[in-house]
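J.: Using the sequences plus the hints, can you model the full thing?
Number of protein chains: 2
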Amino acid sequence: MMRVVHTVAELHKILLPYWRKGDPIGFAPTMGALHDGHCSLLRQSRADHNALTIASIFVNPLQFGPGEDYDEYPRDLQNDVKIAREAGADLVFAPSVAEMYPRGFVTFVDMEKLTERLCGAHRPGHFKGVLTVVFKLFAVVRPNHAYFGQKDYQQSVIIQRMITDLNLDVKMHIMPIIREPDGLAMSSRNAYLGTKHRQEALVLHQALDRAKELIGGGEKNVKKLQAEVRRLIGAVKGAKLDYVSIVHPETLEDVNDVSGKTVVLVAARFGKTRLIDNVIVD
Amino acid sequence: MMRVVHTVAELHKILLPYWRKGDPIGFAPTMGALHDGHCSLLRQSRADHNALTIASIFVNPLQFGPGEDYDEYPRDLQNDVKIAREAGADLVFAPSVAEMYPRGFVTFVDMEKLTERLCGAHRPGHFKGVLTVVFKLFAVVRPNHAYFGQKDYQQSVIIQRMITDLNLDVKMHIMPIIREPDGLAMSSRNAYLGTKHRQEALVLHQALDRAKELIGGGEKNVKKLQAEVRRLIGAVKGAKLDYVSIVHPETLEDVNDVSGKTVVLVAARFGKTRLIDNVIVD
Chain A
1035 MMRVVHTVAE LHKILLPYWR KGDPIGFAPT MGALHDGHCS LLRQSRADHN
1085 ALTIASIFVN PLQFGPGEDY DEYPRDLQND VKIAREAGAD LVFAPSVAEM
1135 YPRGFVTFVD MEKLTERLCG AHRPGHFKGV LTVVFKLFAV VRPNHAYFGQ
1185 KDYQQSVIIQ RMITDLNLDV KMHIMPIIRE PDGLAMSSRN AYLGTKHRQE
1235 ALVLHQALDR AKELIGGGEK NVKKLQAEVR RLIGAVKGAK LDYVSIVHPE
1285 TLEDVNDVSG KTVVLVAARF GKTRLIDNVI VD
Chain B
1035 MMRVVHTVAE LHKILLPYWR KGDPIGFAPT MGALHDGHCS LLRQSRADHN
1085 ALTIASIFVN PLQFGPGEDY DEYPRDLQND VKIAREAGAD LVFAPSVAEM
1135 YPRGFVTFVD MEKLTERLCG AHRPGHFKGV LTVVFKLFAV VRPNHAYFGQ
1185 KDYQQSVIIQ RMITDLNLDV KMHIMPIIRE PDGLAMSSRN AYLGTKHRQE
1235 ALVLHQALDR AKELIGGGEK NVKKLQAEVR RLIGAVKGAK LDYVSIVHPE
1285 TLEDVNDVSG KTVVLVAARF GKTRLIDNVI VD
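Listed in order, the protein sequences are those of chains A and B. Residue numbers for the first sequence follow our numbering, beginning at 1035 and rising by one. Residue numbers for the second sequence follow our numbering, beginning at 1035 and rising by one.
Just so you know, not all the hints are guaranteed correct.
No copy labels: a pair is met if it fits in one copy or bridges any two.
As a list, the in silico DSS-like pairs of lysine-lysine whose alpha-carbon atoms are at most 27 Å apart [stated by the list, open to error]:
(1) Lys1295 x Lys1246
(2) Lys1257 x Lys1271
(3) Lys1295 x Lys1257
To be clear, the hints were calculated from the coordinates, so they are not data collected in a lab.
T.: In structure tokens form, the structure reads like this:
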């Protein structure tokens, strides 16, 4: 029997016995429009023997910039609840915007440096919104284990940094990217893509695969690798590249050459749809 | 037997049984140089039957601006520990700067509006530093009850707002201002004052008393009240006024006239020493 809860007070009442007994809570914060990527987080929480597996479904206005897709973002709570249940969630927390940000709300969690790079440079204020909502969700759920997808690689690094810096007692789990059969990384935003852009978007995964292959073959030169990824994406008419970056896995700083664990990240727009993807190489 | 603890790990080990059992923890965060104002917080925590009363002693570099008194701020841990013990603390948490802000620290708690007014306008970044350190101290202590002094009125409003906005499970207690026999509000910074400035600083309390008296006599006109406070402080040669403000007790917005609960706040410098004081009227 899965429960759907809309208020912090109701959630508090349900969770208090778990907090008291120290029974582990696993938690996956989402914006809904659940796909198999989200499901893999909930399944992992079950597999990790958490006493309770919780998914939150909240389209967080704070992390959308002006002109971004806050209004269009897909919302279908009933369907999401069904998917979450099937993936093993015991509880769905689906608060309203007023429940999360009541009148007079003025407090934020923010971060220097890590939030200014990559997607942060293209979406000012985005990670401030992410940090604030994830912090609040952690505060109301008090999970022992939190599950995030590697697809939002920068987000996962930033949240791990917040956990460390703010002395939060949460263990972070980053789960591998789940892909469609043809390689496209699963994303709620894939639903926006028309047939043409859906086909063109495959280039993100293909270009990353090519970079991985070159690195596997001994290529360490970042400029050459970036040029190759840019060339492949540039060859696709409908793709507008935001960035190709090859960075240190924790500092997210550009590396000079590929040696040790390194992350290759891309972001590109297909029409109005902005997609991201990445690959970790070692 | 009072314990003095310097690391988060050591603190965690001691507090875990209290968290598990739900035994209430009372907490007063301080920057040391303890005086009777601080002691009143610890005594209240004892009186409130907390299972454990904790004082933290940490001169927080983040809340000092460039050119402020971070280096000069009085530090005497041995004496502070003695005072805290006598006031009823069971544990003193005195972390190093490296323990609170390890290499790579980049995360902050910040707030709009409330932090921009009053002292915030004169000390840019100050409340960001206060919010961040108080948040972190809350995260490592996980107090049920937190005790702050009304002397730092704006700080107490801001911390209460953070607690509300970030869903923190802490009850805030604001304790009355403790004064020297001649009326000067107790402050660790009073130790900076030479004989002349010490005498001159009495005007803060006297001017607030006069405002309170006028309000008690029916004066509601904010401009007149401010003018009178300004006149009294202006008559003191060594006093440099930062502000006289008459504000709403929660929004800290200037009120048009005194009706209902209202706070009169002053900040002034005597030589290099910046002092604040306030009075709540109803």
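J.: Hint by hint, say whether it matches the structure.
T.: Hint check results:
In this assembly of identical chains, Lys1295 and Lys1246 lie within 27 Å of each other by CA distance solely inside one copy; the values are 12 Å within and 66 Å between copies. In the homo-oligomer, the alpha carbons of Lys1257 and Lys1271 lie at most 27 Å apart inside one protomer (23 Å), although the nearest pairing across protomers, at 66 Å, exceeds that limit. Only within a single protomer do Lys1295 and Lys1257 lie at most 27 Å apart by alpha-carbon distance; the minimum there is 17 Å, versus 64 Å between protomers.
Hint check: no violations occur; every hint is consistent with the structure.
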